[in-house]
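Asker: Residue-level listing of the chains:
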Amino acid sequence: MLLSRVAERIYWAARYMERAEDTARIVRTHGELLADLPPTARVRWEPLVMIMGSGTRYTQSQADGRQQQSQTHAADGHAAEELGVVTFLVTDRVNPGSVASCVFAARENLRTTRDTLPREAWIVLNDVSLYVGSEAERSADRRRRDRFLSRVIADSRRLDGVLDTAMTHDEAYVMWRLGRAIERADMTTRVLGVRAAAVLELRAATSPVEGVDDHDEVQWMGVLRSLSGLQAYQRAVRGPIEGPKVVEFLLQHPRFPRAVRGLLREMRMALAELPDPGTAFDAVDRIDTQLHDAVAASADGAALDAAMDALQVTIGDLDERISARYLRLGQ
Amino acid sequence: MTAGGPWDELHDEHGHPRPAAQEVMAVVERLGVEELRARQASATADILTMGITFTVYSDGANIDRAWPFDVIPRVIEATEWRRIERGLVQRLRALNMFIDDVYNDQRIIEDGVFPADVLADSANYREECRGVHPRFGVWAHICGSDLVRDADGTMYVLEDNLRVPSGVSYVLENRAVAKRAFPEVFARQTIAPVDAYTDELNKLLSSLAPEGITQPAIAVLTPGIFNSAYFEHSFLAQRMGATLVEGNDLVVSQGDRVFMRTIDGLEPVDVIYRRIDDLSLDPEVFNPESVLGVRGLMRSWKAGKVGIANAPGAGVADDKVVYAWVPDMIRFYLDEEPLIPNVPTYRCLYEDERRFVLDNARELVLKPANESGGYGILIGNRATDAQLREHVRKVEEAPRNWVAQPILDLSTAPTLCGDHIAPRHVDLRPFILSGESSYVTAGGLTRVALPQGSLVVNSSQGGGSKDTWIVDLGASWGSY
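Protein chains in written order, with numbering that gives the first Met the number 0: chain Y, 0 to 330; chain Z, 0 to 479.
Isolated chain Y, as found in the complex:
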């Protein structure tokens, strides 16, 4: 027995926590990637804002001058951009998609469903929320950033672990898994749409005169790392790291838990345990079909970007159907 209202809050808590974890990982990986590239490389921080689909809000926040102070302290334009983007994505409480905002939102949602979840789960989330509340401001700084982001990632996984091992695998748990899977699938398509597409574009535009390459392999490794997929890719593909293969792996691998197809499996399993999922299954099937077209586009940046946009629309439709069927009863 699961109240519709409680289902909604658990679903959203799962999505917010997943978003916090994924954003943290993307920011962390990007910092590591840039450290590996020569200062002349044309990789910037601002594309990360595009991944989160927050371009307009970011521009607005820059215009509002919220980052003004940080910019005066920054040594040069690059550092200023880094600080601006990281602040926006990690600590900014006005940005609802920042790591800090997502952790707080997850906590607010679970706070109203504490009777449904194991107490340890609440303690983990409350603890990381207190940590984020006290440490976020200082964590835009490069040296502290890694530890902060790693803690958020680890606690998000700890929360999953507690739920997996201490909670009855009932409808509430299934709702959690469903929220996680949908957010994760969405994030994988966003990373591919922006980061991967940018690398492909960059390669196409690079003339032989300008340089040997823009460290293609390192960049693709960055894409994989930002989705926890480097090791899994190497085991699955057993060859050099190449763009189209990375794209195919992240979309099509049936068992990798951040590959879209692997996530469809998770969504189907979850939906099968809920009463009368009806048309939600149809939306999952449509995502499946779209995956094939997307893989075909894997060599062309603009086409890949468009295919990812189409996938995100269908994932949004799935979310809408789940909401209408389970989450908004009596409202």
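If you are wondering where the hints come from, they were derived from the structure by calculation, not from laboratory data. There's no promise every hint is true.
Unchecked claim - If you want the ones that stay clear, here's a sample from chain Z, every Cβ over 12 Å from chain Y, calculated: (1) R17; (2) P18; (3) L30; (4) G50; (5) A115; (6) A180; (7) A216; (8) A218; (9) V219; (10) E245; (11) G303; (12) A382; (13) Y438; (14) L472.
To be verified - Just a few of them, taken from the derived set where beta-carbon distance is under 7 Å, the chain Z residues facing chain Y: (15) S233; (16) Q237; (17) D248; (18) M259; (19) E266.
As the list claims (entries may be wrong) - Incomplete in silico selection of chain Z near chain Y, CB under 8 Å: (20) T48; (21) I51; (22) T242; (23) V244; (24) R260; (25) D263.
All figures in this text were calculated on a predicted structure; none of them were measured in a lab. Built from N, CA and C at the ideal position, the CB exists for glycine as well.
Dock chain Z against the given chain Y, drawing on the hints supplied.
Answerer: Quick look at chain Z alone, frame taken from chain Y:
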């Protein structure tokens, strides 16, 4: 009321620890203030991490605050406690018989023991409940009575909270925290456990299910996240495996039964532990504007299709004027003498008592009949002239709404105040469950007024709390 200063719960008049407090005070002394502060800090950190909070409304926003807890426990000897326990059970039996009587035969009025006009004017009397017979004749299933001790050591009942008393979750949580803070004392002494409460509550609620239902679905009805006791609502639901619901999760449908809206459609609810006021319960019968309640809930309850605790209308006995008659109720219904006395109470509706109150207002506490949380109270010897005049005017305007009591010199307990230990005033709220049988929490919630000299223990007004230990000395000799 005496010259010797307040009674100390843990020390006798010579400053020596009372027998039941010897063990813990020896540990406190051995540890020293520095170590005690360290344990206080770690207890406070536990409370923060465990998310033990209460909500205060401040600066236009609801803020979730960490529960204030003092590490030094309040100790009561088991033989004294057993006597208090019997007194509380006696009191609740009489109170429940009174509520059942006023909604049915009104024998107590007919016999001239209780005045009809006090009932007629009671803000918490619900005409809609006339003629209802809840199971076991019990209306106030869950009661939190406030006990205070005067300077001579007498324990009084200060008030009975029969509507939606809160605080019991903190009794359980304080114990969890105290065990970590003083493991050595728990190992050496027999301290009555408090954990059984939620199980007892669960059994009581189950016993209120409609006829023929063996595994009832229990729901805890909360006004929502912004209520100051939301933490407790969710805590109790969690401990009982009940469903925490808000009004719009419920609907009264086929055959006047109550249902919850689940992801799989409507599921029946058999018992509701409601934590919302009578007037919010059912917009069909009470406040039509209420969005916290459920339309048709009263219909369902009256038809016996759902059990509700506390029963609607139970608050009629939770009125500081009606309180003055509780000793008479005990004599009338049980033919017994009260085991725990009332604080002497002057009823302003009677001209002679009102005259006395107005003439002696400086020496009295003036209390509005139907407020809770310590609001509206005036302590005569601490009020300014203007405040006193204002209250005198209010009493004259609506005498039925006011009672007065002597200013008690509340007992104190040693409390960690910054870098030293000092006495602070305390009260005690035990919780009494009444159904087919009765249950009293082992001890209860000790609330402490943290500012020096303050008598206000309410957590909404800056009060703190302590764990309460019922120490059985007889049972602990073996370990020496």
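Asker: So, for every hint listed, does it hold in this structure?
Answerer: Hints, one by one, checked against the model:
1. With a least beta-carbon separation of about 36 Å from chain Y, Z:R17 lies farther than 12 Å from that chain, consistent with its non-interface assignment.
2. Residue placement check: Z:P18 keeps its beta carbon more than 12 Å from all beta carbons of chain Y (closest about 37 Å).
3. The Cβ of Z:L30 lies farther than 12 Å from every Cβ of chain Y, with a closest approach of about 27 Å, so its non-interface assignment holds.
4. At roughly 4 Å, the least C-beta separation between Z:G50 and chain Y is not larger than 12 Å, which violates its mark as non-interface.
5. No Cβ of chain Y approaches the Cβ of Z:A115 within 12 Å, the least distance being about 44 Å, so the stated non-interface status holds.
6. For Z:A180, the requirement that its beta carbon stay farther than 12 Å from each beta carbon of chain Y is met, with the minimum near 18 Å.
7. Not every CB of chain Y lies more than 12 Å from the CB of Z:A216, the least distance being 8 Å, so the non-interface label is violated.
8. Residue-level check failed: Z:A218 sits 9 Å from the nearest beta carbon of chain Y, not beyond 12 Å.
9. Distance check for Z:V219 against chain Y: the nearest CB is about 8 Å away, which does not clear 12 Å, and the non-interface claim fails.
10. For Z:E245, the shortest C-beta to C-beta distance to chain Y comes to about 7 Å, within the 12 Å cut-off, and the non-interface label is violated.
11. Once the 12 Å rule is applied to beta carbons, Z:G303 is consistent with being away from chain Y; the minimum gap is 23 Å.
12. Z:A382, annotated as away from the interface, keeps every beta carbon of chain Y farther than 12 Å; the closest lies near 40 Å.
13. Distance check for Z:Y438 against chain Y: the nearest CB is about 22 Å away, which clears 12 Å, and the non-interface claim stands.
14. Listed as a non-interface residue, Z:L472 keeps its Cβ farther than 12 Å from every Cβ of chain Y; the least gap is roughly 34 Å.
15. A hinted interface residue such as Z:S233 counts as satisfied when its beta carbon comes closer than 7 Å to some beta carbon of chain Y; here the least separation is about 4 Å, so the hint holds.
16. For Z:Q237, the suggested interface contact is upheld, since its CB lies about 4 Å from the closest CB of chain Y, less than 7 Å.
17. The beta carbon of Z:D248 is positioned within 7 Å of a beta carbon in chain Y (closest approach about 5 Å), and the interface hint is therefore held.
18. At its closest, the beta carbon of Z:M259 sits 6 Å from a beta carbon of chain Y; the interface hint therefore holds under the 7 Å criterion.
19. Among the interface hints, the one on Z:E266 holds; its C-beta lies about 5 Å from the nearest C-beta in chain Y, closer than the 7 Å criterion.
20. For Z:T48, the suggested interface contact is upheld, since its CB lies about 6 Å from the closest CB of chain Y, less than 8 Å.
21. Interface restraint check for Z:I51: the shortest CB-CB distance to chain Y comes to about 10 Å, outside 8 Å, so the restraint is violated.
22. Taking 8 Å as the C-beta contact cut-off toward chain Y, the hint placing Z:T242 at the interface holds, the least distance being around 6 Å.
23. This hint holds: Z:V244 has a C-beta 7 Å from the nearest C-beta of chain Y, less than the 8 Å allowed.
24. Taking 8 Å as the C-beta contact cut-off toward chain Y, the hint placing Z:R260 at the interface holds, the least distance being around 4 Å.
25. Hint status for Z:D263: holds, given a least beta-carbon distance of 4 Å to chain Y, under 8 Å.
The earlier numbered hints that this structure contradicts are 4, 7, 8, 9, 10 and 21.
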